[in-house]
Structures are given as C-alpha cells and as structure tokens.
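Numbering-wise (the working numbering), the sequence shown opens with residue 1 and increments by one.
Keep in mind the hints are simulated off the structure, nothing from the lab.
Positions of the beta carbon are idealized from the N, C-alpha and C atoms, including for glycine.
Please note that a few of the clues may not be correct.
[Said to hold, decoys possible] Below, computed lysine-lysine pairings styled on DSS-like, alpha-carbon distance capped at 25 angstroms:
| hint | residue 1 | residue 2 |
| --- | --- | --- |
| 1 | Lys447 | Lys334 |
| 2 | Lys520 | Lys342 |
| 3 | Lys252 | Lys276 |
| 4 | Lys229 | Lys252 |
| 5 | Lys108 | Lys175 |
| 6 | Lys276 | Lys229 |
| 7 | Lys468 | Lys442 |
| 8 | Lys334 | Lys520 |
| 9 | Lys175 | Lys135 |
| 10 | Lys48 | Lys108 |
| 11 | Lys520 | Lys282 |
| 12 | Lys135 | Lys46 |
| 13 | Lys252 | Lys28 |
| 14 | Lys276 | Lys442 |
| 15 | Lys442 | Lys353 |
| 16 | Lys520 | Lys353 |
| 17 | Lys264 | Lys46 |
| 18 | Lys447 | Lys353 |
| 19 | Lys491 | Lys447 |
| 20 | Lys181 | Lys282 |
| 21 | Lys447 | Lys284 |
| 22 | Lys229 | Lys181 |
| 23 | Lys284 | Lys264 |
[What the hints assert, rightly or not] What follows is a list of derived Cβ distance ranges for each label pair:
| hint | residue 1 | residue 2 | range |
| --- | --- | --- | --- |
| 24 | Asn129 | Glu59 | 26 to 32 angstroms |
| 25 | Leu391 | Pro184 | 30 to 36 angstroms |
| 26 | Asn86 | Pro206 | 43 to 49 angstroms |
| 27 | Glu56 | Lys276 | 20 to 26 angstroms |
| 28 | Asn109 | Leu69 | 22 to 28 angstroms |
| 29 | Pro206 | Pro178 | 40 to 46 angstroms |
| 30 | Gly403 | Glu220 | 22 to 28 angstroms |
| 31 | Glu68 | Lys229 | 43 to 49 angstroms |
| 32 | Gly66 | Thr407 | 25 to 31 angstroms |
| 33 | Pro269 | Asn462 | 53 to 59 angstroms |
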Amino acid sequence: MIKNTLFLSAMLIGSILMSACGEKGPFKVVFISGSNEYFSDISLLKYKEYLENNYEDVEVTLLQAGGELNQKHEYSDLPGLEALENCDLLLIFTRRLTIPDEQIQHVKNYVNSGGPVVALRTASHGFQNWLEIDKDVWGGNYRGHYPGSPEQTAIDEQGNRYPEGEVTGPTLKVKINPDAKDHPVLDGITDFRSRYSLYRTSPVAPDVEVLMTGTIPTGESEPLAWTRKYKGARVVYIAIGGLQDWENSTFKRLVTNALFWAGKRNIPPEVPATVKQRPQPKGKIMLSARSRVEREKGSDQWEETTVAEELFIGETAIIICDMWDKHWCTGATKRVDELARKMAPVVNEAREKGIQIIHAPSSTMPFYAGWPQKQRMMLAPEVPKPEPLDLPDHPLPIDDSDGGCDTDDESHSAWTRQSPHIEISEYDGISDDGNEIYNFFKEQGIKRIIMMGVHTNMCVLNRSFAIKQMRRWGIDCLLVRDLTDAMYDPKDAPYVSHDEGTELVVQHIEKYWCPSILSKDLVAALDKL
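The task is simple: from the sequences and hints, build the whole structure.
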C-alpha cells in the first residue's frame, strides 16, 4: 500500500514539475541527425517522440542529413538549419558530414552566439569541414577509439542499409565520477554498461567537468561524459549513443537531464511508468516431470522416476535466469545465444496462454530502470518471508572452481542486458531481486515456478530468485532441462563432454531440489488449452 501511495504521489509531483519545466515558454529543441554509421535517424526520431509524449512544453524539430554520401560514407546536405535562429537548445548527433559552407555557418553562428548544446558520440567529429568543434567547443580530444564495432548492418532489396544483429565490441563500464556525483545532469543516474567502443578522449580541456568515465575490460579508462561553458553557454558531451544505448533507461535519462540542464530548465523527475495489471488467466495443464529418488536413504543409489505435475496457469510463473546479451566466456556467449533463440518461442507460447513471465538478467537493472515491467515488480507490497526450510546443500557433480569456461577467457562483467532474442512483453516482469520477486508472487498468487536459463550449476541454483532460495521459501519449482546450460570445462573433473556435464547438474537438481521437464512437453500441454 505504501509503495502504491508513493507511486501515485510521484505521478502527481511529476505532472506538476513537467509543466513547470516550461515556465519560460515552450522549450524549443533542434535535433541535428547525421550519424549514418549509428543510425541516428532511427534513435533521434524515437527520442523526439519520447520527449514530446512525456514532457509538456517540449517542441522538437528534427533535421535529418541527406544527399549523396561523401568519402566518409556520410551525408553532404543538411537542410532546415534556419531553425537554429529560433531555438532554445541544439542536440547534435552527426558524423563527418561535409555540408555546404552556408549550412555549416548556421551551426557556427548558433554556437558562437552562446547557444547551449548537447553533443552525442560522433559529434566529436561531426563535421568533416569543422573538425575543430571538438577541441574548441566540446573541450574534447577525439583520437579514435579502442577496439569495437559500430552497428551491425544488412542491405535491403532497394540497397538501403538497416541495423541487424548485435554489437560485437567489448563491454564498456560507464561510471559516475565521484567528484561530480551531485551534478544535476547525474540526477537519478547510476553506473551502467554499453556495448559500443570506448572513445579516446583524453586529455580533455582544463575547464571541463568530467561527469562519467568509461572503462573497458583491459583496464583503459577515458572521460565519457562532461560539461563545460562555451561563449557563456552550457555544453554537454556524451561519448556513446548507439541504438542499444537508447533502449537503456539510464542512458536516456542522462541525455534528458543534459537537455534540460543545458537549456537552464528545471530537470523533471523520471517519468512514472504506466503499469497495467495483467488479466487473470484460468485453466490448468498436466506435465510429466522427471525426478530421482534414492533407493535407500544414504545409499547414494538413485532411480529415475516420472511424476505428474498439475499447474494452474494463473498460479504459475516462468523465471528466465541470466540470459544475457554477452558473457565473459566466449563459449558461454555462443551457447546462450543459441539457447535464447530456442527459448524465445517457448516463452511466447507460455505468455500467450497466460503464464506470468519474469525476466531476471542479473546486474543489468540500470538498463531497465524506467521500464514498466521493472516498475511492476517494485510496486508489489512487501510481505513477511517464511522461515526458510532446512534444505541441505550437496556438492555438485562437476568441478567449476575455475569459473567453468571452456574457452580460457578471463572473467569480467560483459553483460549489459538480456538477450534481445527474448521478447519482453507488456505484462511481463523484470527483476534480479529475490525478495522483490517473492513479494510480486504473493501479490499475484503465484505458487509454482518454471525455471529456465543459465547457468545450471551457478545462477539457476544460487541467485536470490533461483531454485534453492525459492524452494527454501516453500515455492515449488520445475527446471526446463533442455533450456539451460552449465558453466563447465571438460578439462575439469569428471572429464566428460560439456553437454554431459550439464546433464549431470540437471540430475543433481532432480535429486535434491526439484523435478525437470522438457520444453516440448510444456508447449504440447499449453497447446491443449
């Protein structure tokens, strides 16, 4: 009840402040889009719609570069720049444009007359015939980038590029500079991650205030977001902005804060997510589950057995555990990608028939901070937790003490989000907090969990929302044994193949924790509804 009251209060305060942000009249913002490499036309169009739909008095004019491509595979024409003569702020996301002198003069006139600017990613080299803008205006020092790639692309039948596939670069940790933690641009911002290459930006100008830094797994770190004044106006530069970044709620909030701060407007609070209650489904399914029973207590002799499981749809949830977009282990990344593609249609079928879906990609919650699916979980009222059942831990049948990677990679935090192959739909939930998930289950009357994801011997068993904890809280679980995978290196005991190692862990779970099912049996049962 308290959380719901706070949520309604936040909505009321948000509506007041979002109107107040326009107390000086409409906030007129011009977007200049011309980073062909990063599909700024797609991201800025969506961001324009987001701003205008969520913040009163914000008027966005989007100017898109066009014309023929120059030698840098970027555009050579940028019409409509006369709009800069009557705007309150300019956002630039261009890359190596070579536009006519009379066009670029509009940009120079705006900047040199003290117009505030927010510059993104390739704006450090946004105009091939005005490369000095980086040092002179942004205060940067762009010198290329560390290893990484831009958007992956394909060509359609008309010869047009479009984004396809995942970014392949190393994961970038974006961290708040402790000395700047109270800066208004960082309001509501936490550390987050990006999959785009780290720009070499140092040394920045002496009058720059660095807000955030970027660090890659090899240890190199560079200034990533900063502010300064130019001709008396506020300037903000942010060195990321690929398509995936715009799906990240924390990044989008960072850009929004930068716009309002640079434009000397009140920074409005986070826009409250609209959280709808899912329809309460009816019906039930019967599943044949596999378990193992000990012939005689203490004999360690086990027999496979089949048990019938009755699941009421409205009382059942699927938890998708740690199906990240990228893992530090190359072998694990490949297997998880394949698993995600196999998992997606099963999850879609279960959702369509009414089963609650919970996405639990641990340590990626900043990406989903503003999503209604995340808010749904946070709004569930706190409930007392039961006294945990005394269920002993038994040693695993495989040795994973070295991390279990079969491709000899060094461990680091590589993930930024859940695999995009798995859809997150309107009534789903997002959380990596077992306490939060338990609260939600009690609110919704969820009594049974179907667990899928990775890794079977680690997170699937040991996370705060995973099999061990839920079983100790008295919630029955089922493991989908063909939609999971272990972190196991065949060079370690018991020296079996990777798949055999996974099967041994599944059997371990069947012995001590819960039965397992096959995804095809789940889909077949759902098809009968």
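Query raised in the report: Which earlier hints can't be squared with this structure?
Result: Violated hints: 1, 5, 6, 12, 19, 20, 23, 25, 26, 29, 31, 32 and 33; rest satisfied.
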